[in-house]
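Number of protein chains: 4
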Amino acid sequence: MTDMTNQSFDLAHLGHVEMLTDKFEESLDFFTRVYGLKLSGQDETSAYLRAWDDYEFATLKLTKADTTGVGHIGYRAASPEALERRVKVIEESGYKVHGWNDGDLSHGRAFRFEDPFGHVFEIYYDTVWFEAKGDDVAALKNTASAFEGAAPRRVDHLNLLSSDVTEFKRFMETCLGSRVTEYIELDNGRIGGCWFTVNNKTYDLACTEEQGGGNARLHHVTYATDQREDILRAADIFLQNGVHIETGPHKHAIQGTFFLYVWEPAGNRVELANAGARLIMAPDWKPIKWTQADRMKGQAWGLKTIESFHTHGTPPVKK
Amino acid sequence: MTDMTNQSFDLAHLGHVEMLTDKFEESLDFFTRVYGLKLSGQDETSAYLRAWDDYEFATLKLTKADTTGVGHIGYRAASPEALERRVKVIEESGYKVHGWNDGDLSHGRAFRFEDPFGHVFEIYYDTVWFEAKGDDVAALKNTASAFEGAAPRRVDHLNLLSSDVTEFKRFMETCLGSRVTEYIELDNGRIGGCWFTVNNKTYDLACTEEQGGGNARLHHVTYATDQREDILRAADIFLQNGVHIETGPHKHAIQGTFFLYVWEPAGNRVELANAGARLIMAPDWKPIKWTQADRMKGQAWGLKTIESFHTHGTPPVKK
Amino acid sequence: MTDMTNQSFDLAHLGHVEMLTDKFEESLDFFTRVYGLKLSGQDETSAYLRAWDDYEFATLKLTKADTTGVGHIGYRAASPEALERRVKVIEESGYKVHGWNDGDLSHGRAFRFEDPFGHVFEIYYDTVWFEAKGDDVAALKNTASAFEGAAPRRVDHLNLLSSDVTEFKRFMETCLGSRVTEYIELDNGRIGGCWFTVNNKTYDLACTEEQGGGNARLHHVTYATDQREDILRAADIFLQNGVHIETGPHKHAIQGTFFLYVWEPAGNRVELANAGARLIMAPDWKPIKWTQADRMKGQAWGLKTIESFHTHGTPPVKK
Amino acid sequence: MTDMTNQSFDLAHLGHVEMLTDKFEESLDFFTRVYGLKLSGQDETSAYLRAWDDYEFATLKLTKADTTGVGHIGYRAASPEALERRVKVIEESGYKVHGWNDGDLSHGRAFRFEDPFGHVFEIYYDTVWFEAKGDDVAALKNTASAFEGAAPRRVDHLNLLSSDVTEFKRFMETCLGSRVTEYIELDNGRIGGCWFTVNNKTYDLACTEEQGGGNARLHHVTYATDQREDILRAADIFLQNGVHIETGPHKHAIQGTFFLYVWEPAGNRVELANAGARLIMAPDWKPIKWTQADRMKGQAWGLKTIESFHTHGTPPVKK
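Protein chains in written order, with full-length UniProt numbering: chain L, 1 to 319; chain U, 1 to 319; chain D, 1 to 319; chain P, 1 to 319.
Hints may be right or wrong, so weigh each one.
Said to hold, decoys possible - Listed below are the simulated EDC-like cross-link pairs for lysine to aspartate or glutamate, each with C-alpha atoms no more than 16 angstroms apart in a straight line:
| no. | chain 1 | residue 1 | chain 2 | residue 2 |
| --- | --- | --- | --- | --- |
| 1 | D | K141 | P | D294 |
| 2 | D | K286 | P | D126 |
| 3 | U | K304 | D | E246 |
| 4 | U | K141 | L | E185 |
| 5 | U | K286 | L | E131 |
| 6 | L | K141 | U | E185 |
| 7 | P | K304 | L | E307 |
| 8 | P | K141 | D | D294 |
| 9 | L | K286 | U | E131 |
| 10 | U | K286 | L | D126 |
| 11 | U | K297 | D | E246 |
| 12 | D | K141 | P | E185 |
| 13 | L | K304 | P | E246 |
| 14 | U | K297 | U | E307 |
| 15 | L | K286 | U | D126 |
| 16 | D | K304 | U | E307 |
| 17 | P | K297 | L | E246 |
| 18 | D | K304 | D | D294 |
| 19 | U | K64 | U | E44 |
| 20 | L | K297 | P | E246 |
| 21 | L | K141 | U | D294 |
| 22 | D | K286 | P | E131 |
| 23 | U | K304 | D | E307 |
| 24 | D | K297 | U | E246 |
| 25 | D | K304 | U | E246 |
| 26 | P | K286 | D | D126 |
| 27 | P | K286 | D | E131 |
| 28 | P | K141 | D | E185 |
| 29 | L | K304 | P | E307 |
Stated by the list, open to error - If you want the footprint, here are the derived chain L segments under chain P, 3+ residues with CB under 8 angstroms:
| no. | segment |
| --- | --- |
| 30 | 225 to 238 |
| 31 | 248 to 256 |
Since the hints were derived computationally from the structure, they do not count as laboratory data. If you're wondering where the values come from, they're calculated on a predicted model, not measured in any experiment. All C-beta atoms, glycine included, are put in the ideal place defined by N, C-alpha and C.
Build the full structure now, drawing on both the sequences and the hints.
This is the structure we're talking about:
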């Protein structure tokens, strides 16, 4: 692994994910009524959603489309200067650049670019802080809005698919200045998966090898809950609401995250996760390598990874 | 509040606290058998302790003394260059400088200096990564050592007392480059308490106003558990072992941390805490102000702060 | 203590409590929207409420009144024969008898009688099993209705006040055939409190000494949650909704129950509780005696019992 | 289903299980050091174990043998009279009777008999209450002994295998006076599994169809934890100690129990379970029927039941 340690990060954190849905109303109902996000606003094509303690206006932009998958991924820069530094690096990187756009309801101007697999990223600094009103004002002034019973607290990470994880890793290190915390090295020498972060979180983006023949696909988007118990409770809520539970609750061996994966109505996979008190504090963290043999043991407590987890991504691959 | 945002941090994280005890054997028994830390090593004067997932050799240095309180506080720098930058700033700051020392069993050379109230700090980069052996090797390679049933996962923060929190804040911002996330503003205009961080944690050091007439005193040292349930269980363990439970479990209004405070045998206050999924992700976080009226409401769920919490610190003040 | 062991019980369980409110709309809003009960039905004077896994149509009958407190307490008999046996015992007991009534929306005919302090009890066998419809049908057929996110699961117990707990104990043993599991013996020889059960639950009714000069007053009504975490979450929900949190979450020394007490809008005290896996299995259980000195230690983890807990009951005492 | 409701029970609760092991030292180490039981005593052939809040001297009798599986199952009667009533019923039942034995370190004389599949039962009233000494005395006098960090609280149930569950059900209803709370009806009309109780617990004994060709085999023995979190924590403890985790943590659809199954060193399957606040309170409970189609859906949150769960029992079947 390239040594990515001891650097400072220009990007502060994952800001938002634009998710495409061809069942907009059903997806919006799922995210607000069942999954527990709040609707901050809507424009002609999109609903802007956030968890109750996300400070930005939106961390999930749900957009009407004739397909599913990810529209774009937004990272917020640490400062205006850091944004400019990062833009310059990207412009000189040789990766495909889309250039500046005006932003939307949730943030100001943003610089867009693309990874070699077709996923569109943007970085921005100017953002819209969410301002709670009325009953949505939090009882405690250090939380962004009213606590909701069994809902996730903040956006956590997303997982993208690519046909060449090593190449994707080069993109993440170059364009986002991300650091690898854990990765899978297959017996054939390829990297099977890679977990990245730009801060003390254990990861904010993961990339795993595309095994379904698709391009620019999404594996899943994840929000974080305060406690593992919230996820056990959510499992009952999903069950009660007829949501397809793909796998979990269980604990990942990689990253040690307690997880639950479901499919929202349009087929996009979404996760609820809890990392406990785990953070990456060491500035010289040594990326953890997992071998193919390690992976054969299943997840932490022995659950075998189910087949659809390896093949299902959005949008579906046309046959 | 001074605007401390949009800066990058030279310090990576709180590394360790040296705690003094005049009941060394009892304190060591408490920390290893009841509180759940692991003993990494010992030298003539000190025991080196860590939580099961702390990556450094020691995060608590328990030292034989004829008094109690804090010996020194160590922060790890983000890189050798960041360490040099920070040393230069401190040398030019006018604060009292002790200079370089050779380190100890747990880390390499460190630069020491002192706040105006007598608390000694050190910063260092070279450290000793803990290497688990035998039964202590973790089943999952991404954790530092074997999981212990009901024990805290990593060092979290400490709380110091000072007679002038505004002055202490200037010290922290100047010497450590820390950022304020929340603070108390008393009706008399003084800052009653201030919570600092050098990373995405909500705080790694707090300072509250000394009300007992002491100098350089410690309020408490805290380790983080994965779940709130670990703290409820720990309360039963403390009860069973005759430990003095001062207050909790309950939830702080400030910072929203779930807490439990006990006194170790020599009288130093130690806490177990869980912050849920809360992190400070915004690079332009606006410090939260709590008024005296806010504080009158008690903790989050209404518990009145007990008197000893305002007056007990270590070492005790001689009358 | 009288030996109440080795007997079989004619009564199966606490069935329901009728709670009086002089703020009917506010109370109903609280119980359905905040506390998490479900509305089974309404008649002219009352709303019939139940927790999501209560099998009967109602476990809380909320009744419009010009006062607060308890209307009556209903226990379900184990069989028609057991009901007849019990009625005969009560008729011969000398306690005040109200006689048979026709029941209400939630159960068939019931036999009413009264303790020496004015609390009205009824026993019945014919009941109305709740039948869930539509979205309220549970995903798992072994639960009574749809799981609700952070809501209590079933009715648990109530606590009444009386000026002579020893006399109340005689009433409970005689009329209900209840068994004492734990009790407080004051230094003056009086029983300060007594916990009763007619099954394997640790208690379904408690009686504590009236210290406010009232008659026939209610101390609190309690529902049980599946996990302690549900209670911590509920505390945040109560906080967010401006509910008066009186004390908790904490763990009782007596009975070891994890508790949280709040006041509903009309002032009746209600609790959420979790007893963990504790049950009274021993047929020859020896009642646990708590002394006044034991009580001075506070609750399990040291919390001092707050003053209002000793004095507040409903209805309030007129001065 | 035969109507078993409205009856009173002569038996109070499941008292203990005698488990056979051909790896006595390893099994004893597992149960005391990893699974979290306490050793009450030992005689030449057996170790007597209990959970920290079991009131009897032993709830698991671990016996040296040249095989594995269950030695016998003990139920405690509700009174001496109830014991005599039950003995008379059994003597007249036609089932195989072993007669009275003198008991052992944990209880007095017991009456033994046998089901048609070779499982040996005994019923007794005279028992040995556990008396904690020294450090094992509980801090709270209403618990049986000192709280242990991550350990189960009390014995819960066992699961036996039989080639004809309908026949086994007749045995349980006749000899033990048990009540069926839930059962599986296969498409071929046979009962695939049946859950029994003699009190308010949802079940204390389950019987599922033998699919491995064995006789008198044990499927598993289970202890109850206070919270689901204890089971998640135990999973990490089992992982750390190299214990074979067969399946879980997950939630059963049948009975709704949160479960985790592991194999102790000799191969006997043991479970940790948490039923939340669920109890069977209704005296006229209608047994819940699960069809083969229901079972095809997997456990509550969709986990498919793994193959070994259907075939592994102890002792193993000789080929």
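Pairwise hint evaluation, E131 (chain P) against K286 (chain D), where the allowed Cα distance is 16 angstroms at most: Holds, at about 13 angstroms.
Pair hint outcome, K141 (chain L) versus E185 (chain U) [Cα-Cα no greater than 16 angstroms]: This hinted pair holds, its Cα atoms lying about 14 angstroms apart.
16 angstroms Cα cutoff - pair K286 (chain P), E131 (chain D): holds (13 angstroms)
Pair hint outcome, K297 (chain L) versus E246 (chain P) [Cα-Cα no greater than 16 angstroms]: holds (12 angstroms)
K64 (chain U) paired with E44 (chain U) [C-alpha distance capped at 16 angstroms]: holds (9 angstroms)
Pairwise hint evaluation, D294 (chain U) against K141 (chain L), where the allowed Cα distance is 16 angstroms at most: Satisfied, since the Cα-Cα distance of roughly 10 angstroms is no more than 16 angstroms.
Restraint status (C-alpha distance of K141 (chain D) to E185 (chain P) at most 16 angstroms): Distance ~14 angstroms between K141 (chain D) and E185 (chain P) Cα, so the pair holds.
Agreement of K297 (chain D) and E246 (chain U) with the hint, judged by alpha carbon distance not exceeding 16 angstroms: holds (12 angstroms)
Restraint check for K286 (chain P) with D126 (chain D), where alpha carbons must lie at most 16 angstroms apart: holds (15 angstroms)
Restraint check for K286 (chain U) with D126 (chain L), where alpha carbons must lie at most 16 angstroms apart: At roughly 15 angstroms apart (the allowed maximum being 16 angstroms), D126 (chain L) and K286 (chain U) satisfy the hint.
K304 (chain D) paired with E246 (chain U) [C-alpha distance capped at 16 angstroms]: holds (11 angstroms)
Given hint D294 (chain P) paired with K141 (chain D) - CA-CA distance at most 16 angstroms: holds (10 angstroms)
Comparing the model with each numbered hint stated earlier shows that all of them hold.
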